[in-house]
Amino acid sequence: MSDKDQTLNTSLLMLIPPGITAIGWALYNFPVGELGLGLLLLSVVTVFFGAYLRIQISRTNLHLTVSDALIFLSLLVYGGSVAVLLAMIEAGLSSLKLSPTNKSRSRTSWRTILTNVLTSGFSTFATAFLVEVFFGRPQQVLADGGNTTLVYLLAVMAVTQFVCNTFLASAYAAIKTGRRMFQVWNETCFNALAMFSTGAVMAGLAAKALERIDMVQFALATGFFGLIFFAFKRYADDVRRTADDLEETKTARADDAEAHIAELNRLVDQLKNSADELSESREQFRYAAYHDAITGLPNRNYILGLIDQLLQRPGIQCGEKFAVLLINLNRFRSINESLGYQTGDRVIKHLAKRLSEMSALNETVGHLGADKFAMVIPSAANEEAATERAEAVGKCISEAIVFKGRTLYANASIGLVFSSPNHFKAEEVLRDSDIAMYHAKDNRRSWSVFDRSMRARAVTRQQMETDLRYAIVCNELQLFYQPIVNLATMKLHGFEALLRWKHPRKGMIQPGDFIPLSEDTGLIVPMTLQALENACGQTVKWQREYPGHEYLSMSVNLSGKHFADPALVEQVENILKETAIDPQCVKLEITESSTMEDAENAIGKLNQLKKAGVRLSIDDFGTGYSSLSYLRRLPVDTLKIDRSFVSAMAEPGEDDEIVRTIMALAHALKLDVIAEGVENVQQLAILRRLGCQFGQGYLFAPPLPLDAVEKMFREGTNWADLAGDVLLPHDTESRELSSFKFAN
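Sequential numbering of the sequence shown, starting at 38, is according to the numbering used here.
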């Protein structure tokens with residue numbers, strides 16, 4: 038006998054004493070005087086017909102029958118003893134009818150039948166006992182009790198019958214299936230509460246109807262109970278069909294799994310055959326893993342492995358050196374974009390062949406992908422020879438490449454690194470050669486030798502880039518404002534907005550330290566847009582708050598990177614609209630070099646900005662390389678003389694003449710002029726005599742934070758005392774007045 042069977046038998050034995058007690062109590066208290074046609078009819082319907090109207094609870098062998106309601110009715114009309122006997126007889130006959138076959142019962146089937154009989158008898162006995170304890174004889178409650186008492190009695194009947202029945206049934210099912218009792222009860226028996234509750238209600242209505250001989254009420258109660266019963270039966274049938282479908286699905290999946298296993302076994306056999314074939318061509322795969330597909334040269338994996346081997350040489354720790362050259366083709370992307378990737382691959386193959394042919398026997402040339410090559414020199418005791426090698430590589434690459442009558446040229450930036458005891462991994466050697474290569478590229482040199490300061494600068498640059506991105510998001514960048522003074526009236530004309538970075542740990546960082554970085558990384562674009570928006574908003578605020586400054590202008594520097602952004606004009610227009618500033622009060626300053634990199638595109642963008650209403654200014658004029666033909670095409674309003682010319686004007690010489698020439702050119706082109714870097718009264722006097730309209734510099738004020746500017750507004754600062762008795766030329770004064778009227 039298995040442990041499970043033994044446990045079931047033990048459970049069954051535990052049910053026998055309470056079951057026998059229920060039978061004895063029922064026989065002892067059986068109301069012989071109630072025997073009659075009504076009791077006989079109720080018994081026949083309960084025992085022989087009630088079991089046919091049944092509902093199976095999903096995923097179990099448990100059933101709910103209409104006889105539950107009839108047993109409740111017998112308890113109300115004839116007392117608990119009749120109900121107990123009817124319940125036990127009905128449970129036995131129902132179990133026989135619900136058995137899967139009519140042949141001889143197995144041991145397990147009879148055990149199940151006996152369990153059902155004892156469970157029904159004990160649960161009905163417990164229900165009748167509690168009803169009599171709390172309410173007395175049910176017949177008396179029907180006759181004399183009110184409806185409220187009857188409702189309480191029906192509730193006790195339903196709950197007690199539900200708890201006892203489902204508790205014993207789920208315990209028995211849990212023992213049979215090996216599952217947890219609460220899990221079985223929750224999944225399979227909880228829904229039975231509806232049927233027990235409905236049965237109790239219908240039994241109460243039927244008992245009341247019979248007591249009053251109200252057949253209409255009895256018929257209505259019977260019909261209502263039938264509707265509820267068939268609705269619940271339909272729901273239970275749907276659940277059972279769903280469970281059956283799931284079971285069929287599981288079976289189908291199991292069949293599919295077996296088919297997949299067979300297929301997998303077949304594939305495993307094929308893979309074994311393939312592995313045997315692959316093992317025969319291992320060297321071919323090894324070659325493919327360590328060589329570049331385009332050039333046939335060793336690839337990055339090969340070069341890294343070779344460097345690792347060189348680092349393991351005993352002599353490395355004793356001062357023996359090897360060298361690595363990292364070669365990056367400059368502007369190779371333009372070849373791909375203009376001539377196509379196929380031509381680009383041909384150029385790579387051609388240069389790979391050149392480098393291989395020029396390399397010595399002990400040197401290894403590799404292609405690291407895209408436009409990068411590497412050359413490993415295993416013995417580099419003579420550093421001068423290695424640098425000469427780098428020079429030779431650069432010249433080799435720069436030689437003309439001829440394809441089908443087309444001549445192409447390429448050049449490279451080369452990073453040279455020598456091994457040291459501080460190098461422990463191949464990636465570290467390649468990293469340092471990469472740093473040296475970018476150092477050469479940034480300094481427009483053909484090659485550069487790595488030193489540790491380059492790595493420190495690279496780390497610092499990377500950290501500064503990270504901090505700068507954070508600063509843009511967290512609004513750590515601040516605007517300082519440097520006054521621009523009308524040299525005719527010596528009054529405030531406007532400001533130039535200048536970015537300053539107040540780092541939370543490093544303090545104030547100078548623009549020369551982060552502006553070039555922002556240019557290289559492209560961060561200058563969001564920085565400038567943010568600065569423009571803040572400056573425009575602040576200008577509108579000052580114009581409204583301080584009388585006499587309604588036409589205050591604001592100058593903001595525009596980087597050459599913006600001209601590559603197709604959304605530049607739209608972004609500027611959106612800022613003008615959002616800040617509600619008069620576009621005539623906004624001056625965008627550009628440098629000569631930024632417009633000359635792509636002159637046609639820059640001129641087109643500037644014309645669009647001009648149509649948006651803003652004014653344009655060329656910053657640092659005189660230091661660039663623009664031609665007069667392009668200058669005439671630029672839709673600018675102002676020239677800003679570079680501070681290098683202004684600073685030397687106090688002494689007679691060439692710079693004085695340059696400023697005169699710029700002034701004459703500006704007047705001929707009908708442009709305003711702003712002189713930057715005005716630092717003393719001598720420079721101011723010369724500029725005023727030359728007819729310069731505006732000045733900017735430390736003589737008037739340095740770049741000021743927001744609170745200092747507002748203090749200046751409140752105090753009404755002007756610079757009339759700096760002008761002295763210098764007389765202005767008549768034409769300069771008239772031009773300044775006309776310019777002022779235009780601004781207004």
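I should point out that these hints are in silico values taken from the structure, not numbers from a laboratory. For clarity, every value in this text was computed on a predicted model and none was experimentally measured. There's no promise every hint is true.
Only pairs whose alpha carbons sit at most 25 Å apart, straight line, appear in this in silico BS3-like list of lysine-lysine [what the hints assert, rightly or not]:
| id | residue 1 | residue 2 |
| --- | --- | --- |
| 1 | Lys462 | Lys432 |
| 2 | Lys478 | Lys287 |
| 3 | Lys528 | Lys598 |
| 4 | Lys409 | Lys432 |
Distance ranges between label pairs, derived from CB positions [as the list claims (entries may be wrong)]:
| id | residue 1 | residue 2 | range |
| --- | --- | --- | --- |
| 5 | Asp557 | Gly377 | 37 to 45 Å |
| 6 | Asp744 | Val718 | 44 to 52 Å |
| 7 | Asn373 | Glu637 | 19 to 27 Å |
By construction, the Cβ of each residue, glycine as well, lies at the ideal position given by its N, Cα and C atoms.
Kindly indicate which numbered hints from before are broken by the structure, ordering the numbers from low to high.
-> 1, 2, 3, 5, 6
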